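Chains as they are written, first to last, in full-length UniProt numbering: chain E, 1 to 418; chain V, 1 to 338.
Do not rely on the hints blindly, as some may be mistaken.
Per the computed footprint, the stretches of chain E lying under chain V, defined by three or more beta-carbons under 8 Å from a beta-carbon of chain V, are [what the hints assert, rightly or not]:
| # | segment |
| --- | --- |
| 1 | 65 to 73 |
| 2 | 172 to 184 |
| 3 | 187 to 193 |
| 4 | 199 to 213 |
| 5 | 306 to 319 |
| 6 | 405 to 413 |
Computed list of chain E residues with no C-beta within reach of chain V, every gap over 10 Å [said to hold, decoys possible]:
| # | residue |
| --- | --- |
| 7 | 28 |
| 8 | 118 |
| 9 | 393 |
| 10 | 394 |
It should be emphasised that the hints constitute simulated quantities derived from the structure, not laboratory data.
Note that the structure is a prediction, hence the values are computed from the model and not measured.
C-beta: ideal position from N, C-alpha, C; glycine also.
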Amino acid sequence: MPATDPDAPLPPLSLTVPEPEVRPGGQPDFSHVVIPRAGTVRRPEVDADPEAIRDLAFTIIRVLNREGEAVGPWAEALDQTPEDLLTGLRHMMTLRIYDARMLNAQRQQKTSFYMQHLGEEAISCGFQRALAPGDMNFPTYRQAGLLIAAGYPVSLMMNQVFGNAEDPMRGRQLPVMYSSKEHGFFTISGNLATQYIQAVGWAMASAISGDRRIAAAWIGDGSTAESDFHAALVFASTYKAPVVLNVVNNQWAISTFQGIARGGSGTFAARGLGFGIPSLRVDGNDYLAVMAVARWAAERARRNLGPTMIEYVTYRAGGHSTSDDPSAYRPAEESNAWPLGDPILRLKNHLIALGVWSDERHAQTEAEILATITAEQKRAEAIGTLHHGQHPSHADMFRDVYAEMPPHLLKQRHEAGF
Amino acid sequence: MARMTMIEAIRDALDVAMGQDPGVVVFGEDVGYFGGVFRCTAGLQAKYGKTRCFDTPINESGIVGAGIGMAAYGLKPVVEIQFADYVYPAYDQIVSEAARLRYRSAGQFTCPMVIRMPTGGGIFGGQTHSQSPEALFTHVTGLKTVVPSNPQDAKGLLLSAIADPDPVIFLEPKRLYNGPFDGHHDRPVAPWKTHELAEVPEGVHTVPLGRAALRRAGQAVTVLTYGTMVHVALAATAESGVDAEVIDLRTLLPLDMETIVTSVRKTGRCMVLHEATLTSGFGAELAALVQAECFWHLEAPIRRVTGWDTPYPHTHEWSYFPGPARVAEALRQLVEVD
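Given these sequences and hints, build the entire structure.
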C-alpha cells in the first residue's frame with residue numbers, strides 16, 4: 001500500500017443534505033425500519049437504572065402480533081378488561097370519524113383549516129388511559145384523542161372548529177387549537193415545541209407543591225430540532241420532573257422527512273439518553289403497546305423517579321393539514337406500505353381474536369358513531385360555521401387579553417364599536 | 001422605614017412575597033445558592049429552601065417556559081434573566097405563550113409570572129450587558145412592563161407585579177442598583193443612603209402598576225422618562241435652568257395617560273427621554289400619544305432624546321449615553337421654540 005503523502009491536499013469539503021429513501025414516482029421502501037417481533041422486547045422494572053436500559057431507545061416495543069394476539073412482557077403487565085379495550089377502540093373510531101367529517105366540512109368551506117390524525121389515533125387515545133384526573137397534557141395539534149379519551153364532548157370540539165357562538169375559545173384560535181383545563185388538556189399554541197418545556201415546568205410545580213399530579217409533554221419528530229426541546233430535556237433531567245416526554249415520530253414534518261430533524265442519531269428516543277432520561281421506543285400503531293408504555297412512564301413519574309422519554313413510531317397517513325398536499329413530496333402509495341399497519345384495524349383484530357368482537361359489530365358501531373357525530377355536526381352547524389350563523393360577540397376579541405381591561409384597550413374597543 | 005439600595009429593596013420585596021405566599025418561587029441563572037450576580041436573591045434559598053429559590057441551567061427559554069408551566073399550574077414564579085440582553089432566547093415563550101395564555105384559552109389558563117431583568121447601561125458592559133429592550137415588550141399585548149427608578153418604587157412595584165394576575169416584565173436599571181446615577185460619570189458615585197426615595201417601608205408596601213410619579217413640578221416643559229434617565233433629567237433640569245416638570249412613568253404599560261396629558265397641557269412642551277435606541281423606541285409611542293391628546297396645547301414639536309441608533313458601544317459609552325449635557329441642551333432648545 002502506498003504511503004499517503006502528508007502534504008497532499010485533502011479533497012474540498014462538501015455539504016451533506018439527507019434525503020428520504022424515495023420521492024414521488026419511486027417505489028415505497030421501509031426496509032430500513034427494523035421491526036422486532038411483537039412481544040420480544042423486555043420490560044424492565046420502572047426503577048431500573050437508566051444506564052441499564054439504553055437499548056430500549058433503539059428497538060420498538062410491540063404487543064400485538066400479526067395474529068392479533070397480545071404477547072410478551074408488556075402485554076402481561078396490562079390488566080385491562082376486554083371492555084376497556086372496546087372503549088379504546090370506540091375512542092379511536094370516534095376520532096377517525098370526527099376527523100373525516102371535519103375534513104369534509106373544511107372542504108365545504110365551513111371552516112378555514114383542519115388537521116387530521118389518520119393513522120396516529122392509537123397514540124393520543126391510548127396514552128390518555130395512563131393518566132388520572134388532575135394530570136395535564138401539553139399537546140400539539142395532533143393529539144385530539146387525549147380529549148376524546150378524557151370524555152370531552154365532541155360537540156365542543158366542533159364548535160371550536162367552526163368558531164361559532166358556542167366556541168369555548170370565543171373565536172380566537174385557529175381550528176383544532178382546543179383547550180380544556182378540566183380535561184387535562186393545556187391550550188394548544190400552534191408554535192412548535194414551546195409547550196414541551198412548559199409541561200416540565202408544570203410538573204416541577206406539582207413536585208414543588210408536594211402534589212401527586214403529573215404532566216405529559218407532546219412534540220413531533222420535526223419539532224425535536226427546536227431549542228425548546230433541548231430546554232425541556234435539560235430541565236426535566238436536572239430536576240427529575242414528574243413528566244412523560246412524548247415524541248410522535250410520524251416520519252414527516254410537512255414535506256420534510258424525519259432524517260432532517262434526527263440527523264446522525266439513530267432514533268429520536270436516543271435524544272433522551274444523553275440526559276440520563278430513560279427512553280423507550282414503541283410501536284405507535286399498537287394501542288396496547290402505547291398503553292403499556294404510557295403506564296410504565298406514568299408510574300415512574302408518580303413514584304418520583306423522574307421523566308421518561310417515549311418515541312412513538314408511526315406514520316402520518318394524511319396531509320400535514322388541509323393546506324398540504326403530500327403527493328408533491330412522497331409516493332402516494334407510501335402510506336399503504338407502512339409496515340406497522342393501521343391502529344384501528346389492529347385493535348379490532350385483537351378483539352375479534354379475543355372473541356369479544358366481530359366484523360358485524362364493528363360495522364354496526366361505526367354506523368352508530370357516524371350517526372352520532374353527524375347529528376352533533378348538524379347541531380353545531382345550526383349554531384354557526386365560520387362564515388354563517390351565530391358567532392361570538394366581537395367584544396370577545398378584546399376580552400381576556402388581561403384579567404382587567406386596561407384603559408387603552410377599552411378605548412380601542414369603543415373605537416371599534418363593540 | 002429603612003434606607004436601602006435598590007438591590008436590597010428588590011430582595012426585601014422577594015422576601016416579603018415568599019414569606020406571604022408559599023406559591024412564590026424564585027429561580028434563574030446563579031440565583032439560588034449564590035444569590036444572583038447582582039445579589040438580588042441573596043439569602044432567599046437559605047431562608048426558604050431550594051425548592052423555592054434555585055439555580056437553573058443557562059437556558060432563558062427554559063427558565064421562562066418552565067415558569068409559564070408553573071404559573072399555569074397555580075404557582076407564582078418570579079424568574080430572573082441575568083441581563084436583559086440575554087432575554088432574546090426566551091422571546092418566543094414571552095410573546096407567543098406567556099402573553100397569550102389567558103386570551104387563547106378564554107381564561108382557562110393564565111400566566112401570573114414576573115420576569116425580572118437588569119436593564120440599561122452605564123456600567124461599561126458593552127453591547128451584551130447594556131441594552132434597554134423595553135419597547136420589545138410594550139409592543140406585545142398581554143404583557144405589562146415596569147421600570148422602577150428608585151428603591152422605594154422597586155419594592156412597591158415588584159410586590160404589585162407579583163400580585164398581578166398577568167405576566168409582568170420587570171426591568172431593573174442596573175446602574176441604579178447601588179446609587180442614583182444622574183449621568184455624571186466623571187463624578188464620585190452617589191450612594192442611595194442619602195436619597196429620600198431610598199426610604200423603603202418595611203413589610204408589605206405596594207406601588208400600583210399604571211401610575212406615574214411627578215419627580216419635579218415645573219412650568220416650562222414636560223419630560224417623560226423612566227429608570228436611570230429620571231435622575232439624568234433632574235440633573236439636566238437643574239443645570240439648564242429650564243423649569244421642567246419631570247414625570248417618572250414607572251409603568252410603561254399600562255401607561256398613566258392622565259398624568260402625562262395633564263402635565264403636557266399645562267407646559268405646552270414635551271421631551272421624551274430614554275436610554276434605548278431612537279427608532280421605534282417607546283418614545284415614539286409616547287410622542288404619538290402626546291400629539292393625539294395634546295396637539296392643540298403644544299407650542300413646539302415633541303423632542304425625543306435617546307440613545308443613538310447604534311449597538312450599545314463599549315469605549316464610546318459616554319458618547320452614546322444621553323447624559324445631562326445633551327438633555328440640558330435639548331431642554332434649552334425646546335423652550336426657545338416660539
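Q.
Are any of the numbered hints broken by this structure? If so, which, sorted upward?
A. The structure breaks hints 1, 5; every other hint is satisfied.
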